[in-house]
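Visitor: Chain by chain, the residues:
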Amino acid sequence: MDGVWTPENLQKVYIKGAEFSAHIENSAHRIRMKAGVSYSYTQSLNKIGIPAGDPKFVDKQLPYVPLHDARAFVVLSEKSGWQLSINRSYTGIRYSDLDNIVSPSMKGFQLTDASLSKKLVFKKWSAEAMVGVRNAMDIYYENLINRAMPGRNYLISLVIHF
Amino acid sequence: MKNFKFYLVALLTLTVFLSSCSDDDDKPKGEFEKGVFVVNEGNFGSSDGTISHISASGEVTTDLFGSVNNGLILGDVVQSLYVENDLGYIVVNNDNKVEVVNANTFEASYTISDLKQPRYFITYNNKGYLTEWVKFGDPGRVSIVDLETHVVTGSITTDFGAENIIEENGKLYVSNTFASTVSVIDPVSATVVKTIEVENRPGEFVIDKQNKLWVICGGDYGENNGNLVQIDPATNGVIKTISLGIDTYGKIAINKAGTTLYYFKGKSVYSTSTTATTAGDVLFTESTAVDFYGIGIDPETDILYVADTKAYVGGGTVFTYTTSGTAISSYTSGRGPSGFVFE
Chain C
1 MDGVWTPENL
11 QKVYIKGAEF
21 SAHIENSAHR
31 IRMKAGVSYS
41 YTQSLNKIGI
51 PAGDPKFVDK
61 QLPYVPLHDA
71 RAFVVLSEKS
81 GWQLSINRSY
91 TGIRYSDLDN
101 IVSPSMKGFQ
111 LTDASLSKKL
121 VFKKWSAEAM
131 VGVRNAMDIY
141 YENLINRAMP
151 GRNYLISLVI
161 HF
Chain F
1001 MKNFKFYLVA
1011 LLTLTVFLSS
1021 CSDDDDKPKG
1031 EFEKGVFVVN
1041 EGNFGSSDGT
1051 ISHISASGEV
1061 TTDLFGSVNN
1071 GLILGDVVQS
1081 LYVENDLGYI
1091 VVNNDNKVEV
1101 VNANTFEASY
1111 TISDLKQPRY
1121 FITYNNKGYL
1131 TEWVKFGDPG
1141 RVSIVDLETH
1151 VVTGSITTDF
1161 GAENIIEENG
1171 KLYVSNTFAS
1181 TVSVIDPVSA
1191 TVVKTIEVEN
1201 RPGEFVIDKQ
1211 NKLWVICGGD
1221 YGENNGNLVQ
1231 IDPATNGVIK
1241 TISLGIDTYG
1251 KIAINKAGTT
1261 LYYFKGKSVY
1271 STSTTATTAG
1281 DVLFTESTAV
1291 DFYGIGIDPE
1301 TDILYVADTK
1311 AYVGGGTVFT
1321 YTTSGTAISS
1331 YTSGRGPSGF
1341 VFE
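Going line by line, the protein sequences match chains C and F.
First residue of the first sequence? That's 1 in the numbering used here, and the numbers climb one at a time after it.
First residue of the second sequence? That's 1001 in the numbering used here, and the numbers climb one at a time after it.
Hints are computed from structural coordinates only; laboratory data are not their basis.
The reader is advised that the hints may include incorrect statements.
Dumping the calculated DSS-like pairs for lysine-lysine here, alpha-carbon to alpha-carbon at most 30 Å [stated by the list, open to error]:
#1 F:Lys1194 to F:Lys1116
#2 F:Lys1209 to F:Lys1194
#3 F:Lys1267 to C:Lys47
#4 F:Lys1256 to F:Lys1209
#5 F:Lys1267 to C:Lys60
#6 F:Lys1256 to F:Lys1171
#7 F:Lys1209 to C:Lys12
#8 F:Lys1097 to C:Lys107
#9 F:Lys1267 to C:Lys56
#10 F:Lys1034 to C:Lys56
With the hints as extra help, turn the sequences into a complete structure.
Guide: Spelled out as structure tokens, the structure:
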């Protein structure tokens, strides 16, 4: 009830990590393919106890920092202007507190987005029509603890250049 | 051949994309008949408030509600728990509801919703009484809940910040934390029959050996103006006021004999005799704590429980002591432990 709060930064955090990314491009017949993957490993550990000397929260991953994070994409383009692209991402488990226990936490999730587009070129103007689906596998996931994100959702766009 | 390789790579890539995996949940842990319930507020806005349990043998069960009810969350800021007739009434402040559970199994029973900043709940004569702050700038109220139909049938306006509620001598006493008053309610006529002036920020009540009522007035932050106020339920007059020389969270416990009052500031617990006229001293300081937020004494074992929030960075710690201040043990709790309910 005596709610006087002061935010306090953690006094000491060790961060180490590694990142990797690669992509390939290739083409055959009328189709051109580009695909790639990236991955990052980020360890952010609290080093000072709360209170100092208490080991409970020491060497625990900071809240909301996923240890593993990976992305992958493939884009297939066809000469007449068709393009199919698929993106897949993986976000590892993220903790909402310094306990680092599995519950409550934001579980790791894999998202799949896909889109199909077509470029149309006319004499005086051009256009690009696109239909897409996000969270195509309709998985349940949370970006903030206990806040559900949308399930499968669709996207239609038409861009006209003139 | 080159084309074949190309399509193979493309196919493999797609296979990786479209594979999926799932995680397993924690398993439920059974029944919770004996021991102490710990109310864990959770972190404001994170909807991670829980009720945890410490069994008579010291075994800790986290998040009773979630583990029994298939991972359901209780909600945002679990304010208080009241157990009566095998039912547990869990007041969830920032979700404006009371979640009612079977107190032995913690299976969800029903929900009282559309409340306004609910704080504490009691039952008396087969009716539920719930304090609500309503909203800032408006006086608080006590809502009357029909325990058969599970709906609010009426309300009694008290004063600003209707907080704790207790029944004594057939009357309901409500501390109005922003108004420095205690409202006395006659539950038969459902009206406020008297408003008692107390000190700044009245909070929790206890009843002593002589059946006198005590309310702790936490005072204002940094002002060291907390007080203990003793009220005579026979006359509804103030018997005495003890200046504490500190400000507190407005939480209080009384020993089994009903003779000594316990409260806290920071990581120190203080005690004052009910017969004293001046405030007692620090009973103990727990050096491994960060900030106490709740206190309770088991009326059967006389063991003192005090809750440390660990600054809300994760689960808290519950320390147990004898009422003379000797450390017994410690247990983990959920996030933001703020109160205890003994069975």
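Visitor: Could you run down the list of hints and mark each one as holding or not?
Guide: Hints, verified against the model:
1. F:Lys1194 to F:Lys1116: The hint holds at about 24 Å.
2. F:Lys1209 to F:Lys1194: 24 Å, holds
3. F:Lys1267 to C:Lys47: Distance of about 23 Å is within 30 Å: holds.
4. F:Lys1256 to F:Lys1209: Holds, at roughly 9 Å.
5. F:Lys1267 to C:Lys60: 24 Å, holds
6. F:Lys1256 to F:Lys1171: Within the cut-off at roughly 23 Å; holds.
7. F:Lys1209 to C:Lys12: Not satisfied, since the Cα-Cα distance of roughly 50 Å exceeds 30 Å.
8. F:Lys1097 to C:Lys107: 27 Å, holds
9. F:Lys1267 to C:Lys56: 18 Å, holds
10. F:Lys1034 to C:Lys56: With a Cα-Cα distance of about 28 Å, the restraint between lysine 1034 (chain F) and lysine 56 (chain C) holds, given a limit of 30 Å.
Violation of the numbered hints given earlier is confined to hint 7; every other hint is satisfied by the structure.
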